[in-house]
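Given chain A, work out where chain B should sit, using these hints.
Respectively, the protein sequence lines represent chains A and B. Using the working numbering, you'd call the opening residue of the first sequence number 26 and step up by one each time. Using the working numbering, you'd call the opening residue of the second sequence number 36 and step up by one each time.
Check the hints yourself; a few may be wrong.
Lysine-lysine pairs mimicking BS3-like chemistry, simulated, CA-CA at most 30 Å apart [to be verified]:
1) A/K28 with B/K105
2) B/K105 with B/K53
3) B/K133 with A/K95
Label-pair restraints from in silico Cβ distances [said to hold, decoys possible]:
4) A/L109 with B/K38: 24 to 34 Å
5) B/R49 with A/S56: 44 to 54 Å
6) B/D61 with A/S66: 41 to 51 Å
A few chain B residues that don't get close to chain A, going by computed Cβ distances all over 12 Å [to be verified]:
7) N66
8) S84
9) G93
By construction, these hints were calculated from the structure, which means they are not laboratory data. Here the structure is a predicted model, which is why all the values come from computation and not from measurement. Quick reminder that beta carbons are idealized off the backbone N, C-alpha and C, glycines included.
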Amino acid sequence: AQKITQTQPGMFVQEKEAVTLDCTYDTSDQSYGLFWYKQPSSGEMIFLIYQGSYDEQNATEGRYSLNFQKARKSANLVISASQLGDSAMYFCAMREGMFSGGYNKLIFGAGTRLAVHP
Amino acid sequence: DVKVTQSSRYLVKRTGEKVFLECVQDMDHENMFWYRQDPGLGLRLIYFSYDVKMKEKGDIPEGYSVSREKKERFSLILESASTNQTSMYLCASSHTNKETQYFGPGTRLLVL
Chain A
26 AQKITQTQPG MFVQEKEAVT LDCTYDTSDQ SYGLFWYKQP SSGEMIFLIY QGSYDEQNAT
86 EGRYSLNFQK ARKSANLVIS ASQLGDSAMY FCAMREGMFS GGYNKLIFGA GTRLAVHP
Chain B
36 DVKVTQSSRY LVKRTGEKVF LECVQDMDHE NMFWYRQDPG LGLRLIYFSY DVKMKEKGDI
96 PEGYSVSREK KERFSLILES ASTNQTSMYL CASSHTNKET QYFGPGTRLL VL
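One chain only, chain A, in its complex shape:
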């Protein structure tokens, strides 16, 4: 069965420093996709970054990068130069199987709560 594990229930970081949020996954599929979402206290889930299993380079989006290590089945989120507004819950998610159009189901981890301290 496919599964996402986020082992850090909570993390804190000093403002302007970098932080890594861990995510490991378990799947027997060769084709899959990995996502990170941010959920501020307002509740809305905000899409941050995506990595496909066949992508050779790590995904980056502004201050967010995904450290994708396929052999270790890990997809850690790195946030550089943390800001106070980065304080939120962060969820790692995986798409089941190959995406060839249509709909895709996502499996989510339990989340990591990040607190950025001034």
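Only chain B this time, still in chain A's reference frame:
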């Protein structure tokens, strides 16, 4: 920008009541999803729909039903609310040719 809206941010209902949660998206997305979020469990898929009047069960459909009469609108129905359905409910939508799901602000439901 994609906009997904949910009818209520907070809702308090009594055990046994019928509850309707509504979700509307304005980006002409084919796919729509209902999740519930509980602490320590992440998000779990209740139902999804890939077209009008089409629906598929997710991982935890028991106690819920859905309705999609129009493309932009996807409703989650709790036929007889129970206290174990107290949770945060999140709606999402996606385009049929793109993977990313976009979420609404969520509805915090309390069943007394």
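Evaluation of the provided hints:
For the given pair, A/K28 sits about 33 Å from B/K105 by alpha-carbon distance, which is inconsistent with the 30 Å threshold. For the proposed pair B/K105 and B/K53, the alpha carbon gap of about 21 Å is at most 30 Å, so the pair holds. Distance hint between B/K133 and A/K95 is fulfilled; the C-alpha atoms sit about 23 Å from each other, no more than 30 Å. Restraint check, A/L109 to B/K38: a C-beta distance of roughly 26 Å satisfies the suggested window 24 to 34 Å.
In this structure the hint that B/R49 and A/S56 lie 44 to 54 Å apart at CB holds, the actual value being about 46 Å. Between B/D61 and A/S66 the beta carbons are some 25 Å apart, a value that contradicts the proposed interval 41 to 51 Å. Consistency note on B/N66: stated as away from chain A, yet its beta-carbon is not over 12 Å from all of that chain's, at 4 Å minimum. Annotated as non-interface, B/S84 brings its C-beta within 12 Å of a C-beta of chain A; the closest such distance is 9 Å.
Remark: the non-interface label on B/G93 conflicts with the geometry, its nearest Cβ contact in chain A lying 7 Å away (cut-off 12 Å).
The structure fails to meet hints 1, 6, 7, 8, 9 from the earlier list, while all remaining hints are met.
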